[in-house]
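Residue numbering for the sequence shown follows full-length UniProt numbering, starting at 1 and increasing by one per position.
These are computed hints drawn from the structure, not numbers from a lab.
Since we're looking at a predicted model, the values are computed, not measured.
Among these hints, one or two may not hold up.
Claimed, not checked - Calculated cross-link-like contacts (lysine to aspartate or glutamate; reagent style EDC-like; alpha-carbon spacing at most 16 Å):
(1) LYS170 x ASP229
(2) LYS55 x ASP69
(3) LYS148 x GLU165
(4) LYS73 x ASP251
(5) LYS48 x GLU62
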Amino acid sequence: LGEKQHDDPEFVTESHHQMLWSLLGSKEDAHDSMVYSYRHGFSGFAAKLTNSQAKKLADLPEVVHVVPDSFYKLKTTRTWDYLGLSATNPNNLLNETNMGEQIIIGIIDTGVWPESEVFNDNGIGPVPSHWNGSCESGEMFDPSHCNKKLIGAKYFINGFLAENESFNYKESLDFISPRDLNGHGTHVATIAGGSYVPNISYKGLAGGTVSGGVPRARIAMYKGCWYLDDLDMTTCSSADILKAMDEAIHD
1 LGEKQHDDPE FVTESHHQML WSLLGSKEDA HDSMVYSYRH GFSGFAAKLT NSQAKKLADL
61 PEVVHVVPDS FYKLKTTRTW DYLGLSATNP NNLLNETNMG EQIIIGIIDT GVWPESEVFN
121 DNGIGPVPSH WNGSCESGEM FDPSHCNKKL IGAKYFINGF LAENESFNYK ESLDFISPRD
181 LNGHGTHVAT IAGGSYVPNI SYKGLAGGTV SGGVPRARIA MYKGCWYLDD LDMTTCSSAD
241 ILKAMDEAIH D
């Protein structure tokens with residue numbers, strides 16, 4: 001990873017292919033080895049290499065660092081009260097920004113369940129003009145699932161597949177799309193920017209209106225965490241996470 005030497009993303013990607021070509025000896029091997037090219041916010045790439053190939057790559061003078069792919073488990077985060085964003089304070093940043101209507105929250109997680117009422121766009125204005133992203137089609141997901149609230153949804157699985165070659169698309173419970181399987185991504189998106197939903201209770205208790213910390217913010221989901229059926233766990237490849245971050249910067 002490092003500073004981009006070109007403003008054109010295509011030139012950045014081409015420089016990555018050239019580096020792999022010089023290392024592996026052919027365009028075909030370079031193409032097959034490449035997992036991701038990070039080309040928007042920074043310059044770098046993820047590739048399938050042997051230990052000796054990775055060592056040779058790390059020794060090149062133009063290479064800053066080479067690290068193996070890592071996998072992470074899902075965690076929680078702190079509360080909105082800690083951030084001082086209570087909606088009951090009329091003078092805080094939340095109210096001064098109309099509940100964050102021009103804010104776009106990018107979330108890298110397990111995906112999103114778009115039918116959830118927390119993604120309703122009632123009373124929300126047009127999509128911000130600075131948004132350049134999109135909603136990708138996939139298993140049980142298409143662009144019609146997005147609206148003025150959920151304005152972006154993409155998925156990144158190549159890093160996961162590079163480490164889990166036995167993964168079976170057809171038999172897996174997970175959706176090969178931005179759709180959420182276990183609800184973690186949907187829950188995180190709700191906490192961050194869920195819309196107001198009235199008349200909510202838990203088994204008839206604690207009734208009222210729920211919302212996320214920034215109720216009018218827009219949500220862009222980048223699915224980079226996948227369910228491993230054999231191990232009954234969800235894991236997130238650092239290669240997929242970095243690609244999601246790179247796309248989010250572009251969007």
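Right, here's what the structure says about each hint:
1. Proximity of LYS170 to ASP229 is assessed by CA-CA distance (about 12 Å); at most 16 Å being required, the pair is judged to hold.
2. With a C-alpha separation of about 15 Å, the suggested pair LYS55 and ASP69 falls inside the 16 Å cut-off, and the hint holds.
3. Of the supplied pair hints, the one linking LYS148 and GLU165 is violated, its CA atoms being roughly 37 Å apart against a limit of 16 Å.
4. About 26 Å separates the Cα atoms of LYS73 and ASP251, which puts this hinted pair outside 16 Å; it is violated.
5. Simply put, LYS48 and GLU62 have alpha-carbon atoms about 19 Å apart, too far for the 16 Å limit, and the pair is violated.
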